[in-house]
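Chains as they are written, first to last, in the working numbering: chain L, 28 to 302; chain Y, 110 to 247.
Keep in mind that the hints were calculated from the coordinates and are not lab data.
Some clues are possibly wrong.
Claimed, not checked - Some chain Y residues near chain L, calculated using beta-carbon distances under 7 Å:
#1 Pro133
#2 Arg137
#3 Leu140
#4 Gln169
#5 Val185
#6 Trp188
#7 Thr204
#8 Pro207
#9 Leu208
#10 Gly236
What the hints assert, rightly or not - Partial chain Y-side listing against chain L, Cβ under 7 Å, derived:
#11 Ala121
#12 Arg166
#13 Val168
#14 Ile202
#15 Val206
#16 Tyr232
All C-beta atoms in this analysis are idealised placements derived from N, C-alpha and C, irrespective of residue type, glycine included.
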Amino acid sequence: MLSILGGLLALSVGAGFIGALSGLGGGVFIVPALVIVAHLPMYVAVGASLISVVATSAGASVAFVRDGWTNLHIAMVLECATVTGAVIGAYLAGTIPDWVLELLFALMMLQSAYFSFRKKGDDLLPKGSPIAERLHLGGELPNPEGQPIRYGVTNLAGGGALMVVAGAMSGMLGVGAGAVKVMAMDYLMHVPLKVSSATSNFMIGVTAGAGALVFLARGDVSTVIAAPVALGVTIGALAGSRILPYADVQWLRLGFVSILLLIAVEMGWRALSGI
Amino acid sequence: MARAERYLSMQAQDEDRILRVWTPVILRTVLTAAGIVLIAGLAAISTVPGEYVQRFRAVQDNARVKDYGTFSDLVVRAWHGNPRSIMTLGLMILTLVPLARVAFCLMFFIKTRNLAFVLFTAYVLAGLIIGVMLGRIG
């Protein structure tokens, strides 16, 4: 029992750590790990993955919110878009073939990776768009000397539209779509990468929480798998959230691009093998 | 006009400060509660020799086992020390973390009369409930 539990805990701590740092939630790593390493069925892995996204989101957000990395106002405005997308996705689920969605998702990830790779650093705006300023969506983050730098938020419409797409992906494919959320904030809305990552972490818990409840009610969550995964992921996420403030943005961006490429390959493979 | 804008900006900063204090408290409290229940469940299952490994192998072999019928049934089983019911209860507590956080924000914005954010958070909460009813959000 101890070797199985120890293995599950080790996998989960790693997934929670990377999920918290990248803003992707950890589900992306848990599903392949449980299927390939632990030889578990896909639906068990997906159920545990949803639980792990909730745990990563909650665990990492304790420190991110307290230390000011999460932009709560942006999160609450954009959650409207993701929830709208998720409901549309839930309604449309089954009408569009899965392979088409997976292929679209893979192409979007490739495009995100390209844009993120081209971007060298955070291009902060001192003042945001009028609507963003009215809603007080801008914020401050400390520079390397510890002095606060103000950033404005722009292109709320473009970011919101991409969040609807991210939500729809969640509803139709059962993925957290954290990568799309980070990309929308970082690239379209000029939110600094670390703030985008922390805010994405905060947001993904909401849709994943609702999904996890549905899975639990259906009996599609295996407790003997999900319980150690939830514990491990929480520990990993708590550790990851302590590291983020000291992480180098360039390395963080490189890691983010690598993960986007991996997801694109995985989704593309799933799509093409499902035709 | 400038005075009104300054007042609104200060109000937003105050709201932000309060949310930054209380949101982590809510998250930490519910996470700790879920963690304690999950550890209790794992401890309980380890007292039955071979039970965990047997369950793990059954899951690997694709055996679907729903651990409870109704919610009250789950609570009664957990109360009587059924390990898997205790763990299911822990997972349920965990999944309620984000929903509790949105509900808290809604109540907070109602109290501070920030109409725009009352509408945003109420919309999110309503959307989540509809999503759960449609049965496939996530």
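We went through each hint and held it up to the structure:
1. Hint status for proline 133 of chain Y: holds, given a least beta-carbon distance of 5 Å to chain L, under 7 Å.
2. With a cut of 7 Å, the hint placing arginine 137 of chain Y at the interface with chain L holds, because the nearest CB-to-CB distance is about 5 Å.
3. Of the supplied interface hints, the one on leucine 140 of chain Y holds, with its beta-carbon coming within about 5 Å of a beta-carbon of chain L, less than 7 Å.
4. Because the closest C-beta pair between glutamine 169 of chain Y and chain L is about 6 Å apart, less than 7 Å, the hint holds.
5. Because the beta carbon of valine 185 of chain Y sits about 16 Å from the nearest beta carbon in chain L, more than 7 Å, this interface hint is broken.
6. About 16 Å separates the beta-carbon of tryptophan 188 of chain Y from the nearest beta-carbon of chain L, more than 7 Å, and the hint is not met.
7. With 7 Å as the threshold, the beta carbon of threonine 204 of chain Y comes within range of chain L, its nearest partner Cβ sitting at about 4 Å, so the hint holds.
8. Using the Cβ-Cβ criterion of 7 Å, the hint placing proline 207 of chain Y at the interface with chain L is satisfied: the shortest such distance is roughly 4 Å.
9. Look at leucine 208 of chain Y: its Cβ gets to within about 6 Å of chain L, closer than 7 Å, so that hint holds up.
10. With 7 Å as the threshold, the beta carbon of glycine 236 of chain Y comes within range of chain L, its nearest partner Cβ sitting at about 3 Å, so the hint holds.
11. With a least beta-carbon distance of about 4 Å to chain L, the hint placing alanine 121 of chain Y at the interface is held under the 7 Å criterion.
12. Violation of the interface hint for arginine 166 of chain Y is found here, the shortest Cβ-Cβ separation to chain L being roughly 9 Å, above the 7 Å cut-off.
13. Taking 7 Å as the C-beta cut-off, the interface hint given for valine 168 of chain Y holds, the closest approach to chain L being about 5 Å.
14. Taken as an interface hint, isoleucine 202 of chain Y does not check out: its beta carbon lies about 10 Å from the nearest beta carbon of chain L, beyond 7 Å.
15. Hint status for valine 206 of chain Y relative to chain L: holds, with the closest Cβ pair at about 4 Å, below 7 Å.
16. With a cut of 7 Å, the hint placing tyrosine 232 of chain Y at the interface with chain L holds, because the nearest CB-to-CB distance is about 5 Å.
Checked against the numbered hints above, the structure breaks hints 5, 6, 12 and 14 and satisfies the rest.
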